[in-house]
Every structure is written in C-alpha cells, then in structure tokens.
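A.B. asks: Each chain, written out:
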Amino acid sequence: MWMYEKKLQYPVNIKDPNPALAKVIISQLGGPDGELGASLRYLNQRYSAPCREVQAMLTDIGTEELAHMEMISAILYQLTRGLSMKEIKESGFDTYFVDHTTGIYPVAASGVPFTADYFQSKGDPITDLNEDMAAEQKARTTYDNILRLADDPDVRDPIKFLREREIVHYQRFGECLRLVTDKLDSKNFYAFNPSFDKP
Amino acid sequence: MPVLNDKQKLMRRIQQCCFALAEANLYLDSHPTCKMGLEYFRKHKAEKEKLEKEYNEKYGPLTAVQSEGTKKWEWVAKPFPWERGEN
Chain A
1 MWMYEKKLQY PVNIKDPNPA LAKVIISQLG GPDGELGASL RYLNQRYSAP CREVQAMLTD
61 IGTEELAHME MISAILYQLT RGLSMKEIKE SGFDTYFVDH TTGIYPVAAS GVPFTADYFQ
121 SKGDPITDLN EDMAAEQKAR TTYDNILRLA DDPDVRDPIK FLREREIVHY QRFGECLRLV
181 TDKLDSKNFY AFNPSFDKP
Chain B
1 MPVLNDKQKL MRRIQQCCFA LAEANLYLDS HPTCKMGLEY FRKHKAEKEK LEKEYNEKYG
61 PLTAVQSEGT KKWEWVAKPF PWERGEN
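As they're listed, the protein sequences go chains A and B.
Residue numbers for the first sequence follow UniProt numbering, beginning at 1 and rising by one.
Residue numbers for the second sequence follow UniProt numbering, beginning at 1 and rising by one.
No lab work stands behind these hints: they were computed from the structure.
For clarity, every value in this text was computed on a predicted model and none was experimentally measured.
We treat Cβ as the ideally placed atom computed from N, Cα and C, and that holds for glycine.
Fair warning: there could be bad hints in the mix.
To be verified - According to the in silico footprint, chain A covers these stretches of chain B (three or more CB under 8 Å from chain A): (1) 2-13; (2) 16-22; (3) 28-37; (4) 60-73.
Can you build the whole structure from these sequences, using the hints too?
C.D. replies: Below, the structure is given as structure tokens:
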C-alpha cells in the first residue's frame with residue numbers, strides 16, 4: 001500500500017506563468033517517456049522479478065516516479081495560473097484549453113492522450129530490465145530537450161533535478177540486470193526465462 | 001534564490017534529508033550488506049524523525065495520520081504542496 005506525504009520531493013516555485021512551455025513539459029506527465037508511464041511500468045513489472053533486490057528496486061523507483069509525476073503536475077499547474085483569454089489564444093494553449101480548461105490531464109506534447117502502449121511488462125526480468133534502462137535514457141533525452149526549450153530558471157531548476165534522477169535510476173537498473181544475469185547458468189544465458197522456466 | 005521563511009527553511013532541511021534517505025534506499029536495494037551505506041541510512045533516518053517532529057509541532061501534519069484529531073481535522077486546514085510557496 002501507499003501513504004501520501006504533503007511535500008514535493010524537490011521544490012517547485014514558478015513566478016511567471018508560461019502556457020506555451022506547459023504545453024511542451026506536459027509530455028513528461030502523459031507522453032511516451034513520461035513519469036506516469038515510468039511509474040506504471042515498474043509497479044506492474046515487479047511481480048515477476050526473480051529476487052528480492054529487484055522486487056525492492058522496482059517498487060521503490062516506481063514509487064519515486066509517482067513523486068516525479070506530482071512535481072511535473074505542480075510545474076504545469078503553476079505555469080497555467082491566472083491566464084487571460086488573450087494569453088491562452090496567443091500561446092497556442094487554446095488547443096488544450098478547449099478540452100481540459102487548465103485542469104491537469106496526461107497527454108503528450110502532440111496532444112495524444114496517455115496510453116498503456118507506452119510500456120511493457122513482459123514477465124521476463126532480463127527483457128523488462130533492458131526496457132527499464134532504455135526508458136530511463138529516453139526520459140533523460142526528453143528532459144535534455146525540455147532544457148533546450150526552457151529559459152526560466154524557476155522551471156529549469158526542478159527539471160534538472162528530474163533529469164539527474166533518470167541517470168541514477170539507469171545505474172540502479174543496470175545493477176539489477178547484473179544481479180539477475182549473475183544467477184543464470186552462463187551457458188544458458190538467453191535460453192530460458194528465469195521467472196517462468198525451471199532450469 | 002528567493003528569501004525563504006522559517007517554515008520553508010525547515011521544509012528544505014526535510015527535503016534534503018529525505019533525498020539522502022531515498023538515495024540510500026535505492027543503493028541499498030542492490031547493495032544490501034554495504035556497511036557504509038547502512039551507516040549513512042541510519043544517520044539520516046534519525047535526522048528525518050527529528051525534523052519531522054519539529055515540523056508537525058510548528059506547522060502541522062505531513063501525512064494524514066500525523067494529524068492530532070482533536071478540535072478540527074488539521075489535514076484539510078493546511079495547503080497542498082503544488083501551490084507556489086507551499087513546498
């Protein structure tokens with residue numbers, strides 16, 4: 001089960017609203033490499049993890065991703081406070097506004113709604129952990145691209161924190177992959193699924 | 001950097017301490033017998049408990065079950081952290 005803590009993992013305090021920037025950053029909520037998909041990926045995969053270390057890592061990183069989803073949502077919320085209709089029209093935020101007003105809804109920057117197609121749970125820990133490492137790098141690239149597009153230091157600061165977490169998670173999933181493969185028969189490396197077949 | 005009030009300064013210390021704990025948690029998941037990692041975890045765990053107690057006494061609950069539950073339900077009396085200046 002889970003408990004909610006009334007605090008952000010890292011502070012988000014943005015002075016100036018910027019709906020055009022919100023339209024881009026929303027991809028890290030509901031886009032293909034966003035925090036919602038990351039959390040659901042790890043929290044669904046953990047049941048077929050073959051050892052307690054990997055079960056713990058998927059649980060704990062999956063939980064941290066929920067805190068990242070909250071940070072992204074706080075960024076979006078603060079970037080879209082107190083907008084005039086003129087600002088909404090001129091920024092291009094009108095295409096989101098028409099369906100969601102300034103409510104938070106998980107979509108990609110292109111407007112495509114969130115879908116479970118963005119992640120897999122394959123029931124094979126070698127396959128899943130390779131996906132997880134790739135997912136962390138894809139999210140890191142998305143944050144790099146957001147940093148190319150965002151000038152406001154109030155926005156860049158929490159985005160840089162989130163980018164760094166992708167790198168740490170990549171490292172930790174790499175260690176999980178090594179833990180799983182170390183326990184396999186070296187002659188049989190990809191010959192069976194350690195969570196399904198009996199060696 | 002904006003000037004922080006006392007409540008925000010205490011929240012920063014809690015966030016820093018919890019971040020150290022989160023890092024130790026993930027590291028220990030894959031290195032469960034590392035003595036240095038365990039020591040680092042214990043040090044920050046004691047600090048977190050101390051800081052959260054101070055926060056609860058001065059500014060209210062961080063989790064619903066930390067509410068006193070006496071005169072009124074404090075959980076709804078305090079702002080949520082997505083508001084600017086409240087995290």
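A.B. asks: Next, verify each hint and record whether it holds.
C.D. replies: Hints, one by one, checked against the model:
| no. | hint | verdict |
| --- | --- | --- |
| 1 | 2-13 | holds (count 3) |
| 2 | 16-22 | holds (count 3) |
| 3 | 28-37 | holds (count 4) |
| 4 | 60-73 | holds (count 5) |
Violated hints: none; the structure is consistent with every hint.
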